[in-house]
Structures are given as C-alpha cells and as structure tokens.
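Colleague: Given the structure of chain A, go ahead and fit chain B onto it with the hints provided.
Quick note, the sequences are listed as chains A and B, same order.
Note that numbering that gives the first Met the number 0 has the first sequence beginning at 0, numbered continuously upward.
Note that numbering that gives the first Met the number 0 has the second sequence beginning at 0, numbered continuously upward.
What the hints contain is simulated information worked out from the structure, not anything from laboratory work.
Idealized CB from N, CA, C, for every residue including glycine.
You can trust all of the hints, since none of them are fake.
Far from chain B by the CB rule (all over 12 Å, computed), these chain A residues:
no.: 1; residue: 4
no.: 2; residue: 196
no.: 3; residue: 211
no.: 4; residue: 530
If you want the footprint, here are the derived chain A segments under chain B, 3+ residues with CB under 8 Å:
no.: 5; region: 243–257
no.: 6; region: 319–330
no.: 7; region: 391–400
no.: 8; region: 467–475
With a Cα cut of at most 27 Å, we get these calculated BS3-like pairs of lysine-lysine:
no.: 9; chain 1: B; residue 1: 43; chain 2: A; residue 2: 339
no.: 10; chain 1: A; residue 1: 609; chain 2: B; residue 2: 105
no.: 11; chain 1: B; residue 1: 143; chain 2: A; residue 2: 609
no.: 12; chain 1: A; residue 1: 273; chain 2: B; residue 2: 25
no.: 13; chain 1: A; residue 1: 10; chain 2: A; residue 2: 376
no.: 14; chain 1: A; residue 1: 570; chain 2: A; residue 2: 540
no.: 15; chain 1: A; residue 1: 339; chain 2: A; residue 2: 556
no.: 16; chain 1: A; residue 1: 641; chain 2: B; residue 2: 143
no.: 17; chain 1: B; residue 1: 94; chain 2: A; residue 2: 581
no.: 18; chain 1: A; residue 1: 609; chain 2: B; residue 2: 94
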Amino acid sequence: MKISDSQDIKKFLIHQVLHNPKDELSNDELKIISYISKERVSKPMIYVGTTTCGIAAGADKTYEAIKTYIKESQLDIDLIKGGCVGYCKAEPLVDIQLPGKARISFQHVTHDKAAELLDEVLNNNIPDDQVLAQYYNDIHQLWEDVPYWHEMPFFAHQKKLLTVNCGITNPVSVEEYIARGGYKAFTQTITQYTPEEVCQIIEDSQLAGRGGGAYIAGKKWSIALNTINDQKYFVCNAVESDPGSYMNRVMMESDPHRIIESLLIASYATGSTKAFIFTRNEFSVALQRLHAALEQAEAYGIIGHNIFDSGVNIHITIKAGARAFVCGEETALNNSIEGKRAMPVSKPPYPAKKGLWNKPTVVNNLETLINVPLILKNGPQWFKQTGHNNSFGTKLFTLSGKINNYGTIEVEMGTSFRDIIEKIGEGMKGGAEFKAIILGINSGSYVTPKALDTTVDFESLKKIGSQLGSGACVVVDSSSCMLDLARFFTNFFKNESCGKCIPCREGTALMLEIINAATQKPAKDNSFQTLERFKGIMQLKSMAKVMKDTSLCSLGKSAPNAILNTLANFKSEFDSHVFERKCPAGVCRDLRTYTIDVDLCTGCTACFKKCPVDAIIGTARQPHFIVQDKCIACNACFEACKFNAVIVE
Amino acid sequence: MDDQLLSIFEQFPNKQRDDLIPLLHKIQEEYGYLSEELIIETGKYLDISVNKIYGVATFYDNFRFGPKGKYHIRLCHGTACHVSGSGNILSELEKQLHIRNGETDKNGVFSLEVVSCIGACGLAPLIEINDEYYTQLTSDSLQKIIQQYRENHSNIYEN
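In isolation and in its complexed conformation, chain A is listed as follows (with noise of 0.2 Å):
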C-alpha cells in the first residue's frame, strides 16, 4: 500500500479506517495511521497552542517568530497552529517533535525566547528552564530527566475523555481526527443503528444536560424524534456567555471535528436534516476554525446531501450571535436564530415539539454533546461505570482566580472540589486562605470551606444548595468581600435582563438597591436612610422568592441566588457591612475611612493638592486633618502620600 498524496490520504481513511468491516487492523495499516495522526513524524513537528488564551499571553507572536526562524534557516519543519492543552499558566506552550524521539512541552516560550530554544532542541539539547514536560509513549525515545505530563499534579487528577485531542492534534486537520479514531461513531450510527436505537442508547446512558438543567439528553431526543414533521432543527449551544467560562471555546478552538460528529449523530437520531451550531461573534479563532472543519468534512462527503450513500441529509450552519447572556436560554437563543431579539417564551410547548420556525428543535448544550459520539462507540453501560451518584461522566470546568495552576481542566463526576483545589490547583496563590469557588454566574452559588468535600456531581450539589453552573470555577481568597461579588453579579442580571418579564426587570433592578444600600456611603446617611437599607435587607428573601416563582426564564429565576447564597454562607459579612459599615475584605471603597496619623504627615500637602473634594486642611509643614463628611473615599490621597501617613480602615 501507497500513500503519496492527500487523495490516496483521504481514500484509505474513507474506505480502510471509516468503512473498514473489521475491527482489528493490519500493522502497516496502523503504521500509516499513526503517522497521519502524528503520532509518528517523518520530519520534526512544532506545534504552538493558538487559542484565545494562548494569543493573550502571546502565542500569535510566538507563531510567526518560528515561522521567520524556519524560512531563514531553511529547515524541513512542520509548524502546526493547535489547540489548547488546558493548561493556562504555562502559555505561550510550544510543543516539538523530533522523528523518532518522544514529544516535548516547553512553558512560557515568547517571541524574543523562539530561535535560542529552536537552536537548542534541534540540536537535542533541552534548555532546563524551559522545558515543561513530556509525552510519554512507548514506540519512542524518551527524553532524559523531563518529567511526563500524565505524571503533573495537573493532570493526574483529570480524567480526559472528552479533551483527549485538545492541544495535541491540529484543530483543523480532518486526516489527523480521524487518523485518532473520529467519525468513526457517525458512521457505525448511519449504517448499523436506526434513530430510535439511537435515542434509546443515550437515554440508557442517562447523559444529563450540562447547561444547568440536568435534563435527560436522551429524553429530549425521543420527544422530537416522536413529533410528526416534515422538518426538524437541531441546536448547538456554544454560546457560554457566563464570564469565567471557556470551556466551550477551548473546545471549538481545539477539536471542532469533535463537535461536528457529535451533531452529526444527535441530528440523524432526532430526524433533523438541519443543523445550527449557535455561538458567539467575539469568538473569532473559534469561528474560523469551526469553518475550516465544516469545509474539510464537507469535502470528505461527511456532511451533507446522502452522505456515505445511506440516504441521510445533514446540513450544519454556523451562526454567531451578538451577545446577550439571555441567548443561553434555549427559546430565546431559538429567537436570536431567526433575527429576533432574544427573549425567552414561556414553556410549554417545549421546543422539543414547536421550536425553530415552528418545528420540532432540540437546543443541546456544547458540552452534553460531545458526550455523544463516546457513548455510541463504547456503549451506554461504558459510560455510567465513571460517576457517582447517578451523575456519569465526566465535568469541563475553568478553574480561574486565586489559585496556582489555572485553565481547562477534566474531572470525573464524583471527583471532591477539595481534591480540585488542592490536588489539580495546586494551592490558594501565595498560600493565601481559601474563602470560597464560585461556580459560575449562572447558578449564583458558592462551595464554602465548610462544603470543600462535596463532590462534583448534581445530587451532592443539591445538597448544599448549589448547583453545577456553567463550569465557571472562580477560587476567591480572604481578600475578595462576597458582597462586593453578590453586587457585581446582580449588576450583571440587570444588565442582561430582556425585559420581558416583570419580576426580573424590576427585580434585578431593586435587589441591586438594596445591594448598592449595604455596601455603599449613601449621599445622606440620615436615620431614614439606615431605615430603608434594613427594611431592603429584610425583605430580600420574600422579593427573591417571588423571582424565583413568577420569572419566565431560568435568568430571572436564578438571579437571586448569589445574594440568597452570600446571606446564608456570609452572614457575619452582612452584618458587618449593614450594621457596623465596614467591609472586612476592604474592597467597598465607600465603607472606608481615611485618616492621617499625625505623627508621620510631614505637611507636604501632596495630599491636599489631590484631594477632588477638599476634603483635607492643614497648612504647609504641619500635619493634614480629613473632613470625614465631605470625603469620597477614592483614594487619591492614599496614592499621593509618600510617608504612609494615610490610614484606611
């Protein structure tokens, strides 16, 4: 067997590896594979991880200072722009491979550091600074001394089963995704299961939706297959606007054939010939490369007009949204599909049944998604044996914040938040004491010390009155004041509310009143005022309880809770803010109060010069006093004073 060129590639994957009857391979077969996947590499290979985290931290540059070192030197290299491994805080990563020796990470590598290291390892010499880790596999060298990535406290915790691709295969590299055994599922699906099979297979599975929900995929699934219509949509939600999470975009940026299969699948179960991947404009290196994807596999005949002719239609489109957090909910991001504003309508019907245009819809989320094509190539019991708690699977989370080792990380359903705070994060940032993980925006709750041995999955959660969110995982330490966070995110559901309903355009609009009143110097602090921020406080819980009843949309109905969580986890910190005024982190700036130590103000009047107010006397050369009422509490004569003479309490 030949393989010369990229037809004769795309001809033995086609009919050798997709179509192939049997199971077991030739070993020249599986040579040839795995030198279209890589695995193996006739010349060296330098793969940088490109994604939007990546190009922050500069990897962009990183790229095309390698590309001019290889164009001068002339040297045979193959430069790939990949995904992301996850793994943030050594970015920009770039990763080489010599033919015959075992694949190499290298952390922090910027531009001005890219030809010393390529000069150094083409020469098989490893720079002990930089290097980070390596790949271990057993077909090559080794590298001497180099620990071994499975082996990192990062990753030996995670269980990767849905980012096994990321940050290793070129994102938009149809030969390489199949070559690692993709759309393998899609065409065992198409030819030896009917949808029914198929909907019962992942409702055996018990996949649960990731978006919040927890709904069964599977269920949904068979509802639209069993609704009569000439055409039916299916959904992909990747629009994940909760800011802290981004997972879903690592995900689009680093394995887009992954999500592609995965619709494939969903929309030959449920009968739908038309597909939607629904994501955000912003995400630009994520639409690019879902773009490149669709185009490769369309020219590989995976999607499309009777695709591998067995009479099965599917179309996928991709559709950027233009930003509003509202878009997550399924019938308003079925809204912002047609051209409309995003709001939601009231359920039911479920778009299951009347959804896009009018027909049947199944809006899954990204994440649940690509569960898909795992379970249908193992097998649903497969799938239930990693979990707990009648939670299978595995969890995508961002892990942000104050915390040593931050990304994209993998754990298994079951797996302790202490275990992904200690073991995976590696420790608070600068020892600091652990407060609490927010966990996402979305379902406004918190994991507090007390409840670090709960378990990721939805029963435990439940529990503690939490909720699995968006896979937002923000680690806050003593030095963040929890109501400073329930008033940012209250300020974020005011601002993202549709407006449709009432209780949530008003109700976001009055909780963050009363918030404001709390944590903020009111323009009149007279006892009428002191009246009206107790009597706020006191009826937050009934005006919540109204939201959560009467809203339309899961928006309304969860905004009330980061403040609910914060009063029943952070009660000593509301009462020190409402009663004593003070904000014990010293993050509400209006809760401060400046003062001058006279013994060290030498009188430079730097202070006074700045102050916006005129909040400070004194004269030349004697020490300065502050006007308590007239102060703004902005800082300014903190900054200015060179003799730490400003006090804030």
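Modeller: Showing chain B alone in chain A's frame:
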C-alpha cells in the same frame, strides 16, 4: 448606496429575517459601526421596518451606533477579572481617558468597551487595545500603556 455595501448585501441573496444579525455583523465589521443610513439601507434590502432593525440591534451588546476611537480599548470584566481587581482598572481608565463605558473621546482617539469575558481568566485583569493584549495589569502599568498610546498618536499627528 456604495459598492461596498452592495457587495455585503450580495452575500445574503435569500433576504430572510435570519440573515439580519449576520448582515449587521458584516456591516459593522466593514464600517466600524451601524449608522442611521446603513440601517435604513438594510431595512430596504431585507424588507424589514427600520424600527424592527433598531429593536434587534439595540438589544445586543455587540452593535455600536457611533464610531470607535482610533484605539479601541476592551476591558474584560468577568468574574475572575473582577476578583483580580478589574473594577479598579475600570475606574483608572475612566479617570485617565475621561470617558465611560461605550463612549469615544472628543478627539476620536480612545474608545472604551467593557466586555463580560475575553476568556483569558488566568491573565486577569486584562485589556485589549486593537487586538493587542495587555495582561495582569496594575494601575501603574496601565498608566504607562495609555501614555505610550498617547505619545504614538501625537507622533503620528506631528509627522
């Protein structure tokens, strides 16, 4: 109607309602913002009333109705950025540039946009100025960056 707009319209031959948002995105990409004339032309082309187009365009945060500054600053204000102090960065920016979120300064040099998440939470707090990222900011480093852009601008102006 100019040729540029015509060539954008040609990319949407079906003239369907669901073409509206992608079409507005394309127009904004080319022209920088959605002016009144452009919206009227879009309405004529798609046969949708101008009111409805404004209704849709103002609903979403992506669309702008005034020109951007020469240096468009996007400040990330996601949860991780907030925890790392992007609130202070925002007030510092407002103080330095004398503009608020969504505004462009008088000379058209700087414009400011607060976005909910750029997706580089590990590098928080961060801003993006014309596709250039500045990460792990402090008040001091921010001042220097703004100063540099000011100098760049006045140098170009003088030459």
